[in-house]
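Colleague: Sequence:
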Amino acid sequence: MRTLLFMSCACLLLYAKSSAQSSGDCRTAVPVCADGPIQSSVDDLGDIEDFDPDVIRQSGCLERGQLGPGGIEHNTAWYVFRAGTDGQIGFDLEALPVNPGDLVFSDLDFALYGPFDQLSGENFCTTIGDGTIQPIRCNYEYNTSNFTGLGVNPVTGQQGGINVPGSQNTYDEFIDVLAGEIYYLFINNYNDNPNGDPEPFTLTFTGSSVNANQDTALDCTLRDEFLGLDIIACEGDPDIVLSALNTPLGADIANVIWTVDYDDDGTIDDTLTGEGPFGAQLTVTSPNSGRYFVEVIPSSGFNNPVSDDILITFYGIPVVEPDDIIVIDDFLNSDQTDPYNIRFELDGDGDYEYAINGGEFQDDPTFLDVPPGINTVIVNDKNGCGTTEPIEFLVVGYPKFFTPNGDGIHDFWQILGIEELTEPSVFIFDRYGKLLKQLNQNSTGWDGTFNGRDLPSSDYWFKLDYERDEQTVLVARTVRRHFTLKR
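Numbered according to mature numbering (1 follows the signal peptide of the UniProt record, and there is no 0), the sequence shown spans residues -22 to -1, 1 to 465.
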């Protein structure tokens, strides 16, 4: 179903060179391969903000740009490649003259991110853009030649230096790769081009893996996916522009047909209208998740139609409604009075993790042995689409200890959430059965005294009588437990 990406005509094969459009957006990075130099360009369209400038400027990389939005991206190209074999990978990034005979070359800069596991489901471009991860190689220095990259400068023989944030290397050292690893390459030119013309460059992969076999060093099946890797995005993100121009058909196009399966259930839901020449571009706006298909029909009889598809999924900021918080066990909801257990059941389709009371996040939406009283939950979407503010919820139960020392913390003992119970009465006894205090929903609680005298540290007992609505019938309930007074 998928077909090779960059070999647009036989003449390009004769020169062992491929041409590739560039993308100004990490999410639609162009897949590339090592089987020949790739000629492309950066232009003024590369200004889609993948980066959080306040974070990236602290990274020791890419903080020098001031011309693009946020001062980070300017004249941008994004590429993605997948290692085909274990070994060593580098690249030469050669700036070419804008016009034949020009002596002025672009001062190209780059950042390389990875390795990523394609099967992990991680939102790679979100972690790149928000600074969660840092580049493994980065270069934004002034280049003394029109080459920069990883490995060895083919003109000066300069050996790539150790990757150090803020270093003045114009070449960085090779990377060691394992088969299947995904890497994203970001190319920038911070200099303005007064004519606004695209600024061309050649990207050539190098290293021991390429020297051993350039056909297998990078996994060339990645570029068969000419629409790119599946995209995870967040609701409200900028539009995603898909292009059907990077195919072996080159300019041999009569028509481009776009369709979509919104539910990704195997049924085509709609035929869409593309934009630009032949309708070869499709703009996907939030929150239109779905699997998008394209078929490119050649104008000649020498080529067969080619097709591809891409799954785009938009996730929203988590929303927690009161009914999403299920208190499984407490005085109000079950006969289980200790420990107290809860579960979160959100309606959204994000990949959520949960934290209560400022603790660590966990994937399991069920929490056991939750403290009685007012608790808080924070829900985070692991796709990077947002985190809720702390949301309070109540667990009706009793504290196992209190410390009536006047410090304002745990000075009184009371059933926490007693106001939610029907006709509650609480009786507190010492270990000999002597009644010390009676409480109701209007009581502040017991202060650990009897007849004005402080009682000693010890275990004390209580009996709670209340009524609970069970299928519209009020049923009398009694709970007997003990707690500890600590001084």
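Treat the hints as calculated values from the structure; they're not laboratory data.
This structure is a prediction, so every number in the text was calculated from the model and none was measured.
Certain hints may be false.
As a list, the in silico DSSO-like pairs of lysine-lysine whose alpha-carbon atoms are at most 30 Å apart [what the hints assert, rightly or not]:
(1) Lys378 x Lys441
(2) Lys415 x Lys441
(3) Lys464 x Lys412
(4) Lys441 x Lys464
(5) Lys360 x Lys412
(6) Lys412 x Lys441
(7) Lys378 x Lys464
(8) Lys415 x Lys360
(9) Lys412 x Lys378
Colleague: Next, verify each hint and record whether it holds.
Modeller: Here's how the hints hold up against the structure:
no.: 1; hint: Lys378 x Lys441; result: 14 Å, holds
no.: 2; hint: Lys415 x Lys441; result: 11 Å, holds
no.: 3; hint: Lys464 x Lys412; result: 19 Å, holds
no.: 4; hint: Lys441 x Lys464; result: 20 Å, holds
no.: 5; hint: Lys360 x Lys412; result: 54 Å, violated
no.: 6; hint: Lys412 x Lys441; result: 12 Å, holds
no.: 7; hint: Lys378 x Lys464; result: 11 Å, holds
no.: 8; hint: Lys415 x Lys360; result: 49 Å, violated
no.: 9; hint: Lys412 x Lys378; result: 20 Å, holds
Going through the hint list in order, the structure does not satisfy hints 5 and 8.
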